[in-house]
Amino acid sequence: MKSKINGIVILALMVTAGCSSRSAVTAPEAGRSQAPSPKISSPVAQTVTSPTVLPTASPNVSVPSSPASSSGYGFDQWQNGPLGDVFFEFDSTVLTADAQSQLKQNAAWLDNNSANKALIEGHCDSRGTSEYNMALGERRASTAKEYLVRLGIASLRLETVSFGEERPFDSGKGENAWAKNRRAHFLMK
Amino acid sequence: MMFAYNFKTCFGMQFFRYIVAVVMIVLCFPLPLFAAEGGEYIAIRKEGSGKIALAINKLDTPVKDESRLAQRLDAIIHDGLDFTGLFTMISPPLNVKDNSNRVNFGALDSVGAAVYADGSVSNTSGTVILDMEVYDTAGAKLLLKKTYNGNQLQLRKIGYAFCADLVELLTGKKSIFGSKIVFVSNKTGFKEIYECDFDGHELRQLTNSHSISLTPALSPDGRYLAYTDFSSGRPALYIKNLSNGRLSTIGKSGISIDPGWRNSREVATTLSFEGDQEIYLIKADGAIARRLTFSKGIDLSPSFSPDGNKMAYVSDRNGLPQIFIEDLSSGQVNRLTFSGRYNTQPSWSPAGDKIAYTTWESGGEINIFVTGIDGSGLKQLTEQSGENESPSWSPDGRMIVFTSTRQGSKKMYIMGSTGENQRPLLPSEGEQMQPCWSLFCQ
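Chains as they are written, first to last, in numbering that gives the first Met the number 0: chain A, 0 to 188; chain B, 0 to 441.
Treat the hints with caution; some may be incorrect.
Here are the computed distance ranges between Cβ atoms for each label pair [claimed, not checked]: (1) B:R316 with A:S70: 36 to 44 Å; (2) B:K172 with A:D97: 27 to 35 Å; (3) B:E428 with A:F89: 28 to 36 Å; (4) A:S170 with B:N207: 41 to 49 Å; (5) B:K172 with A:S91: 21 to 29 Å; (6) B:R316 with A:F89: 14 to 22 Å; (7) B:H200 with A:W77: 53 to 61 Å; (8) A:T95 with B:Q379: 34 to 42 Å; (9) B:G84 with A:T95: 29 to 37 Å.
Computed list of lysine-lysine pairs in DSSO-like fashion (alpha-carbon distance at most 27 Å, straight line) [what the hints assert, rightly or not]: (10) B:K50 with B:K96; (11) B:K251 with B:K295; (12) A:K116 with B:K251; (13) A:K188 with B:K251; (14) B:K239 with B:K172; (15) A:K172 with B:K186; (16) B:K50 with B:K251; (17) B:K186 with B:K140; (18) B:K50 with B:K186.
Hints listed in this document are in silico derivations from the structure and should not be mistaken for laboratory results. Even for Gly, the Cβ is constructed at its ideal location relative to N, Cα and C.
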């Protein structure tokens, strides 16, 4: 029963995830520190198949190597799609253990949803200089993509783009805010 | 190719702007005699001997009605010359002209003026005519006598034309009058590219992307504007022909960002389509001419020596970003910056001898430094004033425009090449960033 409900929740999440239209960047420059509104969907990802595709996270059941939780590390208030975001240390493009674990989850989902494509956005916090951050953002997105490709996801399914420090998630100051902006952000295409 | 820009090129160049009439500069007297005298004057003044003590008299107006016109030109000329930092402006004594309207050099001498300028302005059916004379007070010698004209909407250009002549006469070098600064501002809510005069006047908006436009750079001849634009959904380089508005792009995957012109036909930019962020040389039509960097990691922010043979740029090949110099003919690369752990945004002085750049300090400040091209003579120009970024040199190498958060949000500031007289350039809403000072004068 529980697995069925969780499956429906996941299904619902995937249907509502959608993606913001990225082909034309028209939204005014604004931090995203307000309550996130659901992203506008273009043609939404196909609805998923059977709920049993994704093993559930239940306290009484031992969790397999890629748990399908959609909360925690890669899923904050700015990420509610099926693929979780990954975060980076300051001025780094190295994938931490948490990041790798999230990417493995993402790879598992992509593996089971072979019709879907993703856009990976690289972002930086506002420190340092903006041109370098534009390049750094791209490297973050590429690093995440390469990891997924090495896990077997076809390169064609993964597009990358950099926003540098131009589209912060949290426009506050201090490490708490900065840490939220140093990320590779996943969107369904 | 040398794009060495000299006085003759500046004034021999024709420009056709479809919205602005051409300023006509009419010579009333043959120049050679006065050029020779100007040359003599320059020789007498030692290099680096400090500011020139200049007295400018209020402009005469044969017709009373033109006094407002005269006042406006007075202000344009006075403020323009003051802006350069070359002059100590001295008020002319009340008896600067004697009863026969001849210049009283003794009186000028006694107030310490080394150079004296006066003139008159008239308006004949919409054509403004400015007649100027410049004297060396010590020798009571006429150094320059010239007439400038244009229409009433071009007062600033007319005034600047005189200022340009005066500066070039007294320093032997090209002035900054007529040069432009392009920069990014978000005052409309979107980051767009703007242009203003070297002193902040005549602001105009150049892009209307309703997206994010960044890193503008004008070609040395002013014909092209290169910039990064997100309209396609990703950061892509656009090269806009400013006379007809036509856009070229490079059309490769990945990013194309942060251009720096090598000469008026070639611009270098960072592309990542081959898997790594490297700098490539691009023709103005978007075709790739050649790849310039070959090292793993980010290579970014090209800035060329005046002769186009050397390129300063940022590379993080050793970890954090540092500045390197590549010789384009031999391919040899040398590291320029060794102090400071994060050095970016290099800008090669048009005078050829110095490079400005920024260091991100461990405390969080960003400061502007200037170094000789061999790395010697390192000098810090800003301190304890927040984040100071994106230095760009004036065409004469005497001033630097940059952005600073010292008063809160990012705004453009101007300073002398050794950090003196730092002041805001342009009062305007919103943030201002990534200024680029043109090499040309209009």
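Need the list of violated hint numbers for this structure, in ascending order. 2, 4, 5, 7, 9, 14, 16, 17, 18
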